[in-house]
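Colleague: Here are the chains, one letter per residue:
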Amino acid sequence: MSAHVPSTTAGIEDVVAVLVLLTEFAMLRGPLLRSQVRLYAFQSLAVSVLAAAVAATRHVPDIYALAGLSFLLKVAIVPAVMLRLLRDVDVDLTGSAKLGVASSTLVALVVAVFGFFSVGSLHVHSTRLPASTLAVASAVVLVAFVLIVLRSDVVSQAMGFFSLENGVSVASLVIAPGLPLVVEMTFLFDLLVAVVAFGIIIRVHHGRSKTLSTTDLDRLRG
Amino acid sequence: MSAILVALIIVPFAAGMVSFVSPLGSARLLAPVAGAVSFALVLTLIPTVVARGQVSAGSELRVDALSVVFLVATSFLYLATALFSAGYLHLGAGPAALRYGRRFYAGLHVFCWAMLAAPLVSGLALLWVAVEVTTVVSALLVAIDDTEAATEAAWKYVLIASMGLGIALLATIVLYYAGTSAFGTGYELTYTKMLAGAHHFPADVIRLAFLLAVLGYGTKMGLVPVHTWLPDAHSEAPTPVSALLSGALLATSFYAILRYFQITSAAIGSTYPRNVLLVFGLASLLLAALYLVRQRDIKRMLAYSSVEHMGILAIGMSFGVTLAIVGVLLHVLAHAAAKGTAFFGAGSVLRKFGSKDMSVLRGGVGALPWSGSMLVAAVLALSAMPPFGLFRSEFLIVAGGLSAPRYGVAAVLVALATVAFLGLAWWTTQTMLTAGPSDARAAAPSDGSVSAVSAVSVSSPARVRATVAKGEVSPWIVVSMALGLAALVVLGVHLPADLSRLLNHAAHELRSPR
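Chains as they are written, first to last, in the working numbering: chain A, 1 to 222; chain B, 1 to 514.
The shape of chain A in the complex, shown without the other chains (with noise of 0.2 Å):
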């Protein structure tokens, strides 16, 4: 297989994969819980396009499939399931974020571009899809850590958990695109399963609890 790639369309596709990293920066700020889930849902589409984007260019039709499921599940089905959740539940604002807003991006920042310039230092090399590419995706879910990590809402962090596999995604896109499609269906039926469990723990924890923050799981230690 030839590893010549116009360079235009090189360019494009990493427009996109930074716009998934971008949007992962957004949720780390975003004040209200439906915004969180609608970020997700627009990066998810950029996870989409991008997957649609190596099937046209690259004459791989197995993924037009795999982005059509993505978009089904990753852009209309998760969020609507998460955002039937916060109407059912009364709950507008995240939980309040571990350090201030500019602090928690700087501390992302640091941990991106350790991300990106660690995996850029392996020199996979890719027929697909730019190599740097795969630094963005990793960038993606080291951020996503800190997502999870800062925030402390159940909401917050369960869109974390879900974006993280949306850098998986990307990676996957990147340095595996041969992966068989049964497989790659599986693992979007799997998350699938998670978010449902994801989410009736969160309506018990509600039920519990009447909120959504996190600062009162703190009982079991030692």
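Worth flagging that the hints you see were computed from the coordinates, not collected in a lab.
Think of the CB as a built atom: it goes at the ideal place given N, C-alpha and C, for glycine as much as any other residue.
Possibly wrong hints are sitting among the right ones.
[To be verified] Example chain B residues on the side facing chain A (calculated, C-beta under 10 Å, incomplete): (1) W128; (2) V137; (3) A153; (4) K156; (5) S162; (6) G166; (7) L169; (8) P202; (9) V205; (10) L208; (11) D232; (12) S235; (13) Y291; (14) R294; (15) R300.
Starting from the known structure of chain A, arrange chain B on it as the hints suggest.
Modeller: Relative to the frame of chain A, chain B by itself:
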């Protein structure tokens, strides 16, 4: 023979579906039947796998000696836990009880189904899917009691374990990328294929994949420092679920790490993966031993003991000699039986006294002559006392370490295991063997409290000190514990010849060609 693999996939899942709609009484009896059938199916696999090396069904299901070792551990605990659950759950008659019972039994079967599927599948991608399903189902089972503590534990568990599995998914993809240099862009991630082409894989990428796999699956296995959810989830879950989480699920995650170990060793030699496991293993053993000394909640104590034993498994693999690897695999089996039995005993104590706090519980053996004594025996087994299986397995691991030769690590292993033993033995003997409280302080009988759901709230010390009538909670509990102890004695005193051959075959599969 391949029909057996298919049956193992069908039986637990079908049992789960039936339990979800059937009356409670039949669900209660169906569980031990499904467990016994699964265990029997696995046992019939052993001679064939020993003789032929592997059995497969289609391209998705394939077992070799290594997988069967883990199937034995999981299916045994499936049976024992099903027996225990019949005695442990005190369900009333109302619709709430019916709903709880159905959810519990359906969850139990599906959880065991996913844990059995993990060693049955033929490749790394499906392995990840199976482990992810275990997380989702078991997190819901942890939350099922709907107490404040259970909710907290379930949230921590589902979030941290899912993040770990996100990392494990990344490991799967990175390893897939490593394979593209040998097989081109599109191929199946089966073990046989990966092992055959491993020597073509780029070394740096393989190192990254293995590290990510240990971090990711290690989160589910309870390796320090990614173990933080474990004591919470294992102590707050309903006791049958605790037993499965500790005895079988941790081992399933260890199995995933062993598959990566196998491929990494074939690609770049075993030095690097052994060193990675050594670091995680030592950290786990050290931290768990220290926590065990000051732990007073009986279920948390058993949870930390699991962290300790997972550390021992990782260290045993790091020795790299066949003797130690046989020990590690035997340790998986013996730990499943011992940890299950110990949790069953803890569940019996919890039902009898309504408390898990060992600093106030007294007179356990007096009140529970059978399950109390067997709990003490199980804790001694966990501390690697003869004649139980863990004595033999830890002996093999340490002997392997001395022959490797890694004298320093072997000495540290023995020293820390001794510290852990002190912690385990001190509180258990305090609780179980000292005399019970005097009758004068009797307040309310706490035996036979019939709650609609099985949630057991931790009672105040005053209630704990109340005199409890002598007598077992349920004969089912005694039977399940006796089964576990019998297995431990068999593993320790006279290992069946086929099982011994199976362990040797599996150890040879794990020994790298270089």
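Colleague: Please go over all the hints and tell whether each is borne out by the structure.
Modeller: So, going through the hints one by one against the coordinates:
{"no.": "1", "hint": "W128", "result": "holds (8 Å)"}
{"no.": "2", "hint": "V137", "result": "holds (8 Å)"}
{"no.": "3", "hint": "A153", "result": "holds (6 Å)"}
{"no.": "4", "hint": "K156", "result": "holds (7 Å)"}
{"no.": "5", "hint": "S162", "result": "holds (5 Å)"}
{"no.": "6", "hint": "G166", "result": "holds (5 Å)"}
{"no.": "7", "hint": "L169", "result": "holds (5 Å)"}
{"no.": "8", "hint": "P202", "result": "holds (9 Å)"}
{"no.": "9", "hint": "V205", "result": "holds (7 Å)"}
{"no.": "10", "hint": "L208", "result": "holds (7 Å)"}
{"no.": "11", "hint": "D232", "result": "holds (4 Å)"}
{"no.": "12", "hint": "S235", "result": "holds (8 Å)"}
{"no.": "13", "hint": "Y291", "result": "holds (8 Å)"}
{"no.": "14", "hint": "R294", "result": "holds (8 Å)"}
{"no.": "15", "hint": "R300", "result": "holds (8 Å)"}
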